[in-house]
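Asker: These are the residues of each chain, in order.
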Amino acid sequence: MSNAPDSTDRCTKTRIEYDDTPVRQFMVASIVWGIIGMLVGVVIATQLGVWQANFGTSWLTFGRLRPLHTNAVIFAFVGNMMFAGIYYSTQRLVKARTASTLLSRIHFWGWQAIIVAAAITLPLGLTRGKEYAELIWPINIAVAVIWVVFAINFFWTLARRNEPSLYVAIWFYIATIITVAMLYIVNHLSIPTSWTHSYPIFGGVQDALVQWWYGHNAVAFFLTTPILGIMYYFLPKAADRPVYSYRLSIVHFWSLVFIYIWAGPHHLLNTSLPVWLQSLGMIFSLMLWAPSWGGMLNGLLTLRGAWHKLRTDPVLKFFAAAVTFYGMATFEGPLMSIRSVNALSHYSDWTIAHVHGGALGWNGFMAAGMFYWLAPRLWKRPLHSINSANMHFWLGTVGILIYMASMYVSGVMQGLMLGATRESGTVLAYPNFIEAVNSTKILMHIRALGGLMYLVGFIMLGWNLWKTARGAEAVNGSIEVYVTEKEPRMGLAAGVFSAPVVFTVLLLVFVTGWAALPNPVGGLSLWGLLATTLIMIYYLEVTKTPWSAWYERLLANALPFTALTTVAVFIGGLAQIVPTVMVNTAGSIEGVRQIPYTPLELAGRDVYIREGCYNCHSQQIRTLVGDVLRYGEYSKLGESIYDHPYQWGSKRTGPDLARQGGKYPNSWHYFHMRDPRQISPGSTMPLYPWLFSDKTDIAALPNKIAVQRKIGVPYGPMTELEIKQACEIQSNAIATDLKNAGAEVAPDREIVALIAYLQKLGKAEKVSPAGSTHTASK
Amino acid sequence: MFHRIIVEEWQRALSVLSITLFFAVFIIHSIRVRCMSRESIARLENLPLENDDQA
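Taken in sequence, the protein lines are chains A and B.
To convert, count from 1 in the first sequence and add 39; that's this note's numbering.
To convert, count from 1 in the second sequence and add 8; that's this note's numbering.
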């Protein structure tokens, strides 16, 4: 900070120089990683139409590259973009320089190191096997540490601010920082078996729920709330007019923060997840229409009286299109959360269209608009080419539309074909899964074209900003502010344990008890409700203190505000996860209990996870006629209780495997993994030649089994020798069977372990309620 | 055809609590923002615009 103090009695005038170096750094990193992430996206889109694009190399297969694509786009592209926007806008909204230059640098370089580590480990097959949470445990710890560094720097800056009020964008940033930390830590709780491998502590339905509580809210609090904050700052700046309705933005924030966290179970509709949770997820998803569209309309209407500027200003073009895509995606999301719609859309390319509308349209275009707006200000030079930016806009828009249209057609076709029946619903209309694959293959090429167009647009952005910045001097913004004597801040206790909060909580509890619980609790709750209301009225009469004063102070005090935001997001998670932790109890496994994997099957399962098979194959037969006719009896809760991590999947590029065990002989799997098209003509599955040459990692099994035992899988005591012998006996039996079928392979190869695992899928034991007591106490 | 599991009575309370919570939040904040003064709103909504960088 460069000071030129000009003191008066009550305040000091001073000049603040912002630290815009991290803004520039994060912006450049976002563009570079964005281009790489999108390039990988185009490659894997191509692989779905042209199997040869997997190149027969382990580290370039779809199963390994798809996590790289999603992680790169979410955490590298949007993450860096978000940090750039937050560092720039926060300093200006609170009229203070970022608190610590050192922490900013640690944040930037630490985040880039994490991305590099992810880019190396994911293609190597080092993964946790959970979507968007694939990174191995040492990287998880690094992410948590760097996130804390960011949080300290952010809240420290707020503490040093010279603007007493907190603009709504800051609220969204606070919600982001708190919620992402909570989600990330809970969903990544694991016990390591080695430096590069771990098992999550949750299994089966618990893991599924925690995963989608995280996965859904990663969308909410990593891809939405920070970008909404950015929208509330940069859109008014670019349009040169205040947000359409600040009042609406307040309602938007609180209702979004309270509702979003509850909607995760809509990713698990028609599955083994308890029905009350599915209903909860569906209802809250429908409620999301209100705040999401409130925010979208608030953004679009900010352009009132400035629509003519869209003709010439590429920044506003990008922002207007981005907010429109936000509106489309947030309309479609709740729609897809209706169980009957979800029956068609889930596990199909419809979901892929939906997420790319959000990622390319909302996130990508907000990023582009913000970068085009920032670059001339960060380097004090006009944008190199307005025409190029306009060209980028149209190329990107047409690219998105081509991509989404092809995926909608593909998704609806997949959903209809795979669920279609004839003869009064007793026979599948398209019994061979490959028919759906072949029918949609052309659409995979079209999607790759759309993605390529979008990528070219972003390369144009990179070139344009490079030409703008090259040779120009990087400039930090500065401002003169009056530093006033700070009013005493509202403490945590005064903010949280205040009359409005206490009375509101009591009223909510009693209303719920009255409406939902049977007598005598219901009756007592009614009395509690009446008593609380009377006490509240009396309290207001006696104190004569309007609650609005507390609220006004809250909005200007980051600490209690953050605490209440944490409570808001915590309630939703708590209400869903705590009951679900009790789901794997004796009465809840639906009379069927999974048989723990043998050591060889466990090794095969880790191969399955390493290759990212869950990216294309589900292991969950839904309670839908089409699913049951195609794959067998619908999946029960107890059938996956020992699966750490669960492998229900979210997309069926290939068929479900929940009841794959025993369906085909060992040799079928052998030949299928060697050349999928030999068994299934038209298949787009990659080749897996290394499984036939690489040896199964038997040495790692004792440690893995010990960890499995710790997290509740009922393995009996086994010595290392016993584990090795068990593997040898089972692998020899499989190898002999293969040899008899004309498929010779050494028993210690990974393909044998994988076959052992695949043949186990769907094998479970029936248990009586009395017999399942053992499981309950595991 | 399909039998799904277990609904425990107390779990119903969570659905009611969540819906009550949403409407409470929505109504309380809608009322609250209607009560905010015009001056306060005008000051807050102009925050992004009032501090353009100075060279």
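Quick caveat, the hints were computed from the structure, so don't treat them as lab data.
Just so it is clear, the structure is predicted and the values come from calculations on it, not from any experiment.
Backbone N, C-alpha and C define an ideal beta-carbon position, used for all residues, glycine too.
Be careful, since some hints might not be right.
Some chain A residues near chain B, calculated using beta-carbon distances under 10 angstroms [stated by the list, open to error]:
| id | residue |
| --- | --- |
| 1 | Val282 |
| 2 | Trp301 |
| 3 | Ala532 |
| 4 | Ala554 |
| 5 | Ala555 |
| 6 | Tyr590 |
| 7 | Arg592 |
| 8 | Phe609 |
| 9 | Gly611 |
| 10 | Met757 |
| 11 | Leu760 |
Asker: Using the nearest Cβ pair, does Ala554 of chain A come within less than 10 angstroms of chain B?
Answerer: 5 angstroms, holds
Asker: Hint check: is the beta carbon of Tyr590 of chain A less than 10 angstroms from a beta carbon of chain B?
Answerer: Holds: closest Cβ of chain B sits about 6 angstroms from Tyr590 of chain A, inside 10 angstroms.
Asker: Taking the least C-beta to C-beta distance, is Phe609 of chain A closer than 10 angstroms to chain B?
Answerer: Violated. Min distance 12 angstroms.
Asker: May I ask you to test the interface hint for Ala532 of chain A with respect to chain B, counting a Cβ-Cβ separation under 10 angstroms as satisfied?
Answerer: Violated, about 22 angstroms.
Asker: Do the numbers back the hint for Gly611 of chain A, that is, is its least Cβ distance to chain B under 10 angstroms?
Answerer: Given a least distance of 7 angstroms, the restraint on Gly611 of chain A holds.
Asker: Verify the interface restraint on Met757 of chain A: the C-beta must sit less than 10 angstroms from at least one C-beta of chain B.
Answerer: Violated: closest Cβ of chain B sits about 33 angstroms from Met757 of chain A, beyond 10 angstroms.
Asker: Please verify that hint: Val282 of chain A, Cβ, nearest Cβ of chain B, below 10 angstroms or not.
Answerer: For Val282 of chain A, the interface hint holds, since the closest Cβ of chain B sits about 6 angstroms away, which is under 10 angstroms.
Asker: Can we keep the Arg592 of chain A interface hint, with Cβ of chain B closer than 10 angstroms?
Answerer: This interface hint is violated because 13 angstroms lies over the 10 angstroms limit.
Asker: If you take the shortest Cβ to Cβ gap from Trp301 of chain A to chain B, is it below 10 angstroms?
Answerer: 6 angstroms, holds
Asker: Go through the hint on Ala555 of chain A and say holds or violated, using the shortest Cβ distance to chain B against 10 angstroms.
Answerer: 4 angstroms, holds
Asker: May I ask you to test the interface hint for Leu760 of chain A with respect to chain B, counting a Cβ-Cβ separation under 10 angstroms as satisfied?
Answerer: Cβ of Leu760 of chain A sits 41 angstroms from chain B, so the hint is violated.
Of the numbered hints given earlier, the model fails hints 3, 7, 8, 10, 11; all others are met.
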